[in-house]
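> Sequence:
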Amino acid sequence: MERRVRMAGSYEIIEAFHVGDREIVIGEDTRAKPEERYLCAYCQQNEILASYSDVLVSGDYCEIVQIFADRLSAQAQKTRTALFTPIFQGIDTTPLSKADCHPVSHEDSLEGKIVVIKPEVLRREYQRSTEQIKLCTGGFGAYPHSRGSACYCVDLYSGKESRFERQDILGTLERSQLPQWAEIGLKQYEHAHPHRENEIGKEHDR
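For what it's worth, numbering that gives the first Met the number 0 labels the leading residue of the sequence shown as 0, then goes sequentially.
Rather than coming from a laboratory, the hints here were simulated on the basis of the structure. It is possible that part of the hints are untrue.
Straight-line alpha carbon distances no greater than 25 Å define the calculated BS3-like cross-link-like pairs of lysine-lysine that follow [as the list claims (entries may be wrong)]:
(1) K97 x K117
(2) K117 x K186
(3) K159 x K77
(4) K159 x K186
(5) K117 x K159
(6) K159 x K97
Beta-carbon label-pair distances, calculated as ranges [stated by the list, open to error]:
(7) E35 x H194: 46 to 56 Å
(8) H190 x D59: 13 to 23 Å
(9) R122 x A149: 15 to 25 Å
(10) D59 x H192: 44 to 54 Å
From the three backbone atoms N, C-alpha and C, an ideal C-beta is built for every residue, glycine too.
Kindly produce the complete structure, drawing on both the sequences and the hints.
Below is the structure:
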């Protein structure tokens, strides 16, 4: 299999680690000035573009590795603190399994339904119930027998929008099954989108 080369401008990414909402990378450009051969940067990317910020360059590989390690440690601590917030709030973050939700068939429409994301498609730090339970708001994958597979979702804990594939969905939940925090999140979404409140109710009544 041909190795996929990842580039940041003229620098080849030779090390990368993603934790929380940021990725830290090390790049190398063997044609750069000796004092600029290596870089360390934060990277954020989507399906189309990657952007790099706080870029530092050095000719000393060990120095770059130290910067990489320091940034990784700081990002891990920041993420750990953020992920402890639900626990401090008394929320059970145990990951949901198939036994906790209703299976999804090819005939099911997912638009307006509460969906549960498979834990294994989430990064390890996010394999918890507060990251799994979402409201599906649309996308070609939300409809049965569609050629597309994208499902657009709103996180019921954070309110953030995200995109998943239909095959990433473990199952659905009825509103009556929602934990209190998810019901609060759903009510906040309905308040912000009053034109969708009845639509959500209809999907769950079917």
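> All hints, please: hold or fail.
Verification of the hints:
Distance restraint check for K97 and K117: the Cα-Cα separation of roughly 9 Å lies within the 25 Å cut-off, and the hinted pair is therefore satisfied. The straight-line distance between the Cα atoms of K117 and K186 is roughly 24 Å, inside the 25 Å bound, and the hint therefore holds. For the hint pairing K159 with K77, the CA-to-CA distance comes to about 18 Å; that is within 25 Å, so the pair holds. A hinted pair counts as satisfied when its Cα atoms are at most 25 Å apart, and K159 with K186 qualifies at roughly 15 Å.
Between K117 and K159 the alpha-carbon distance is near 18 Å, which keeps this suggested pair within the 25 Å criterion. Restraint check for K159 and K97: satisfied, since their Cα atoms lie roughly 24 Å apart, inside the 25 Å limit. A hinted range of 46 to 56 Å for the beta carbons of E35 and H194 is consistent with their spacing of about 53 Å. Between H190 and D59 the CB atoms are about 54 Å apart, so this pair departs from the stated range of 13 to 23 Å.
Hint check: R122 to A149, Cβ distance near 19 Å, so the stated range 15 to 25 Å holds. For D59 and H192, the Cβ-Cβ distance of about 52 Å falls inside the hinted range of 44 to 54 Å, so the restraint holds.
Of the numbered hints stated above, the single one contradicted by the structure is hint 8.
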